[in-house]
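Asks: Residue numbers (my numbering), protein chains in the order written: chain A, 82 to 213; chain B, 82 to 213; chain C, 82 to 213; chain D, 82 to 213.
Please note that a few of the clues may not be correct.
Identical copies carry no separate label here, and so any pair may be met within one copy or between two of them.
[As the list claims (entries may be wrong)] Below, simulated DSS-like cross-link-like pairs (lysine-lysine); rule was C-alpha separation at most 27 Å, straight line:
hint, residue 1, residue 2
1, Lys131, Lys108
2, Lys208, Lys108
3, Lys208, Lys193
4, Lys178, Lys131
5, Lys108, Lys211
Calculated directly from the structure, the hints in this document are not laboratory data.
4 protein chains.
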Amino acid sequence: MAQLETQKPSVQPFLPVGSVQLTSEMKACISDCMACSAVCLQSVTYCLQKGGKHAALDHIRLLEDCVQICKTSADFMLRGSPLHVRTCAICAEVCDKCAVSCESMADDAVMKACAEACRRCEESCRKMSKLA
Amino acid sequence: MAQLETQKPSVQPFLPVGSVQLTSEMKACISDCMACSAVCLQSVTYCLQKGGKHAALDHIRLLEDCVQICKTSADFMLRGSPLHVRTCAICAEVCDKCAVSCESMADDAVMKACAEACRRCEESCRKMSKLA
Amino acid sequence: MAQLETQKPSVQPFLPVGSVQLTSEMKACISDCMACSAVCLQSVTYCLQKGGKHAALDHIRLLEDCVQICKTSADFMLRGSPLHVRTCAICAEVCDKCAVSCESMADDAVMKACAEACRRCEESCRKMSKLA
Amino acid sequence: MAQLETQKPSVQPFLPVGSVQLTSEMKACISDCMACSAVCLQSVTYCLQKGGKHAALDHIRLLEDCVQICKTSADFMLRGSPLHVRTCAICAEVCDKCAVSCESMADDAVMKACAEACRRCEESCRKMSKLA
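Work out the full structure: start from the sequences and follow the hints.
Replies: Put into structure tokens, the structure is as follows:
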């Protein structure tokens, strides 16, 4: 049992009730940003190993842009900053561009999974950016 | 159902099999680092709101140190970098110091939860740092 | 001579000609973002030491927001990412808000210096965001 | 004059005297870390453009490791954290490995410049790590 759990770790990144007030929508968005950032960072390593079009500058750079803006958006929300609506808006835009780049290689299961993480994060962030 | 899921979001930050090879121990450590980083960042906001000893420089700075080194360690592992054993060693050390600081206020449920996230991350990182 | 240089270190963060093409305007903006980020991070420690209104949540959080978005903007430019116009736009906005917060304590020489770094960065970033 | 300044921007990232106490040695180390981080990040883009051995996973990953640990070390010092001796020790180690990788392509002027930034940062960080 314990072993099973170790094999499918998931992140429980929130403090108990009574601390910073995060809505359930904001928690979902933070989770999507953290997951997207981690997935894109793993994808950089995967794509460099693959080489060829996977390792093209424009593709790797979009992945790196996405890693960083997702972290930034997650952190603005975790701090409870009112400016998170701004970072979420640009995060949605970067995720969209990164998803498009991954979808162009979607015959590759890893790129497909990466595109899905980007699309999920894009949708969450777009919702947050409209709650201003 | 979908609603329930939204209320208890957890992060699934890993790519499918076939991409970068992360052992289950490494995945657990990455998850613990990501959770600890997020929890400590929320704690900074909580502690500044509280004021008093919660907002003392040494305490807030340890939380900030912990946020950053946990992210750094997680990223070294996500990239598959062999140098993660080094970042995990210092991460364990910073988590220990941050846990001690939070435990000194453990009558506060939020600080207790933060200390627990730090201890979990410390243990995972110490294990990783010995696998070199 | 060497000693004098050590006492007034400045950062020379650019690669020689022949590498990534950064315009002189972009280099100036990167420098302003890096300086603003470093100054705001030092200000967090200074303000927590001071306590009182200096250590208020809204002020410290704006400083932290500014630290992170300045780094993000600098990195988008250093990577040569076309999306830097987006990060620069939000960076200008965050710098403005952070400057206002610091200016409200401008009888304090450190807060005045921090406000100036924010204003310089705001201006550079606003220029960059219009070059799209 | 103003134009010349714009063409050779340098970063002045320190607060005036009276704020956080940073020794001149620490300021030099912060500057070296910030410069090395920025130079390595530009090098990633340069190397991906070049392709071939420049874009090999091990080389790009070392550059990315170096970018991140240099930022982390700089930030620990900027916060005035006593734990900076630990981050500086690992930073020196990562910079050394990154320098070796760049030196193996030192017939390329950009890689040579990157190696030099790494060596300068390594030396500064090694000094700081011994001041504990």
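Asks: Confirm or reject each hint.
Replies: Cross-check of the supplied hints:
Proximity of Lys131 and Lys108 under a CA criterion of 27 Å is satisfied inter-copy only: 22 Å between copies versus 34 Å inside one chain copy. Within a single copy, Lys208 and Lys108 get their C-alpha atoms as close as 12 Å, which meets the 27 Å cut-off; across copies the closest is 30 Å, which misses it. Only within a single protomer do Lys208 and Lys193 lie at most 27 Å apart by alpha-carbon distance; the minimum there is 23 Å, versus 33 Å between protomers. Both within a single protomer and between protomers do Lys178 and Lys131 lie at most 27 Å apart by alpha-carbon distance, with minima of 21 Å and 23 Å respectively.
In this homomeric assembly, Lys108 and Lys211 come within 27 Å of each other (Cα to Cα) only inside a single copy, at 16 Å, whereas the closest approach across copies is 33 Å.
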